[in-house]
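Undergrad: Order-wise, the sequence lines are chains A and B.
Residue 147 in our numbering sits at position 147 of the first sequence, with consecutive numbering throughout.
Each number in our numbering comes from the position in the second sequence (counting from 1) with 221 added on.
Read the hints as simulated data drawn from the structure, not as lab findings.
Possibly wrong hints are sitting among the right ones.
[What the hints assert, rightly or not] Here are some of the chain B residues that sit facing chain A, going by a computed Cβ distance under 10 Å:
#1 287
#2 296
#3 299
#4 302
#5 305
#6 315
#7 316
#8 318
#9 329
#10 331
#11 375
#12 377
#13 489
#14 503
[Claimed, not checked] Derived DSS-like pairs: lysine-lysine, alpha-carbon spacing no greater than 30 Å straight-line:
#15 B:357 - B:340
#16 B:473 - B:489
#17 B:286 - B:318
#18 B:357 - B:318
#19 A:115 - B:454
#20 B:329 - A:115
#21 B:489 - B:454
#22 A:115 - B:318
#23 B:340 - B:329
#24 B:329 - B:318
#25 B:357 - A:115
#26 B:437 - B:282
[Unchecked claim] Coverage of chain A stretches by chain B, computed from C-beta distances (three or more under 8 Å per stretch; other residues unrestricted):
#27 110-123
#28 138-144
We put the beta carbon where it would ideally sit given N, CA and C, even for glycine.
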Amino acid sequence: MNWSNMDWLLILEATFDTLLMTGISLAFAVLIGLPLGVVLFLTGPRQLMSTPWVYQSLSLLVNVLRSVPFLILLIVMIPLTRVLAGTSLGVAGAIPPLVASAAPFFARLVENALKELDPGVIEASRSMGASSMQTVLMALLPEARTGIVAAIVVTAIMLVGYSAMSGVIGGGGLGDLAVRFGYQRYQTDVMVLTVLILVVMVQVMQVLGDRLVARLNHRRV
Amino acid sequence: MIVLENISKTYLATGVEVAALSNVNLRINEGEVFGIIGRSGAGKSTLIRLLNLLERPSSGKVVFKGTCLSDLDEPQLRPIRQKIGMVFQHFNLLQSKTVIDNVCFPLKLAGMSRQDRHKRAMEVLDLVGLSGHAGKYPRQLSGGQQQRVGIARALANRPSLLLCDEATSALDPETTQSILSLLQQINRDLGLTIVLITHSMDVIRQICHRVAVIEKGQVVESGDVLDVFLHPKHETTQSLLAQSGIDTDGWKAMLNHGQGRVLRLTFKGDAATAPMISRISRDLGLDISILQGSIGRINQTPYGQLVIQAQGDHVSLARLEGLLDSLEISHEELQA
Chain A
1 MNWSNMDWLL
11 ILEATFDTLL
21 MTGISLAFAV
31 LIGLPLGVVL
41 FLTGPRQLMS
51 TPWVYQSLSL
61 LVNVLRSVPF
71 LILLIVMIPL
81 TRVLAGTSLG
91 VAGAIPPLVA
101 SAAPFFARLV
111 ENALKELDPG
121 VIEASRSMGA
131 SSMQTVLMAL
141 LPEARTGIVA
151 AIVVTAIMLV
161 GYSAMSGVIG
171 GGGLGDLAVR
181 FGYQRYQTDV
191 MVLTVLILVV
201 MVQVMQVLGD
211 RLVARLNHRR
221 V
Chain B
222 MIVLENISKT
232 YLATGVEVAA
242 LSNVNLRINE
252 GEVFGIIGRS
262 GAGKSTLIRL
272 LNLLERPSSG
282 KVVFKGTCLS
292 DLDEPQLRPI
302 RQKIGMVFQH
312 FNLLQSKTVI
322 DNVCFPLKLA
332 GMSRQDRHKR
342 AMEVLDLVGL
352 SGHAGKYPRQ
362 LSGGQQQRVG
372 IARALANRPS
382 LLLCDEATSA
392 LDPETTQSIL
402 SLLQQINRDL
412 GLTIVLITHS
422 MDVIRQICHR
432 VAVIEKGQVV
442 ESGDVLDVFL
452 HPKHETTQSL
462 LAQSGIDTDG
472 WKAMLNHGQG
482 RVLRLTFKGD
492 AATAPMISRI
502 SRDLGLDISI
512 LQGSIGRINQ
522 TPYGQLVIQA
532 QGDHVSLARL
542 EGLLDSLEIS
552 HEELQA
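Okay, chain A solo, but in the shape it has when bound (with noise of 0.2 Å):
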């Protein structure tokens, strides 16, 4: 490895375009997927507010977008990510497919960590007169905000992989510089650095969701 072939102004700011588009995907996919998940948790079969119609279409649109690979749903957007972000290119050209990609997702773990509680909980919620609302603010999401965080951290490691893939039609950030550096340029040891700078990022998430994770635990003593 060569050391002084390193640009390393545009690796520094590669790693800080690939934590902001995690950032911003993050910060969209759980402001639409935590609603969403909450959504698909109480029109479930036997929930709280059990509507058929509501589960069944909101599960098929979930199911739809997970199942497009991301590469696919990063180029069949990108008509649609012109309207939203003014450009395909770029920081901001990735946000929308990201975004897209991972709300469904964290929607999902959102409606499995609530499934997880144990339904006495809502019972006894009912029992003492609160609403549907006020039982998902005041009960649900406390008792479930481990699993949330966990699926938080599981999601933001997903984004880094993602947003490094959105290199391919030019997304900037690490996966870029990876792609154009490393495959076009046969600059192995950028590609080397790049991935590295990855690794370290998804293990530093990793290990901060999860003390996270256990300081809000409380249900293990």
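For this one, chain A is given, so just place chain B on it according to the hints.
TA: Coordinates of chain B only, in the frame set by chain A:
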């Protein structure tokens, strides 16, 4: 206080209608502890959930303090549910919140200010003997302590009715005793009406005033606990009693064949402690053997029930009833 009129509840289970309850009528009076006993699957959990409309009856009416709850919709029911506390078998506390925050939960729903919530929560925690554990999380407490938190939470909004869904079934015998005494104390000191469901006759015996026995979704027997215990009529009641060691037919094995009369004598209150047998024996010159007996307390009232075999001459045997009547002992001929 709360009345169930002709309640039926059917479920749709895999396309087939299953009757969980059929034609149930119950009247629960202000200030009493009312027990509902039955085996698992008899319909008792459905029954208790009908009282606060967590389950809707398929037909019939639930009337609470003159309001027909079964006519109300969910938003209208919410303020009423705040006045009906409920305690659960598995406590159903929020694990992510501290003890005091759990108790504050219903107060927050009732719209109480933060300061008042805290004050009231400490009051009820003090009542259940847990004020020292306010800052702990449920998992740091024992099962009995968690149930006390559940009771404190149910009492927070000063309910007039407390529903206990198998509140002691997940607890060990010693803890069960302490929770039962707490419920009894609450009933006595706060005048709170309590409806509890259980599968244990011991729970009924210790704290209930009246009891209803349910089997296959129907009330098969109901009445004062003392009467039901001493004169169980339905076979379900008898077998439930037998399971908790109160065997009504055990005397048959002890029978001295051939002579005399066999009677079941029942004493209540002060009569239970008076020397009846020696009196009968002395006055009538009869030999009396006790075939079976139990003496104890049912919800604070002393009682005694003996199955005796009396042997002697015919004249004296014929005078037995007269003497028992004059002593105000209820009796029942078991074998001629």
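Undergrad: Now, for every hint given, state plainly whether the structure supports it.
TA: Now the hints, each set against the structure:
no., hint, verdict
1, 287, "19 Å, violated"
2, 296, "7 Å, holds"
3, 299, "4 Å, holds"
4, 302, "4 Å, holds"
5, 305, "8 Å, holds"
6, 315, "6 Å, holds"
7, 316, "5 Å, holds"
8, 318, "7 Å, holds"
9, 329, "7 Å, holds"
10, 331, "8 Å, holds"
11, 375, "8 Å, holds"
12, 377, "9 Å, holds"
13, 489, "37 Å, violated"
14, 503, "59 Å, violated"
15, B:357 - B:340, "17 Å, holds"
16, B:473 - B:489, "24 Å, holds"
17, B:286 - B:318, "34 Å, violated"
18, B:357 - B:318, "9 Å, holds"
19, A:115 - B:454, "45 Å, violated"
20, B:329 - A:115, "25 Å, holds"
21, B:489 - B:454, "19 Å, holds"
22, A:115 - B:318, "19 Å, holds"
23, B:340 - B:329, "13 Å, holds"
24, B:329 - B:318, "14 Å, holds"
25, B:357 - A:115, "26 Å, holds"
26, B:437 - B:282, "20 Å, holds"
27, 110-123, "holds (count 4)"
28, 138-144, "holds (count 4)"
This entry does not satisfy hints 1, 13, 14, 17 and 19, going by the numbered hints stated previously.
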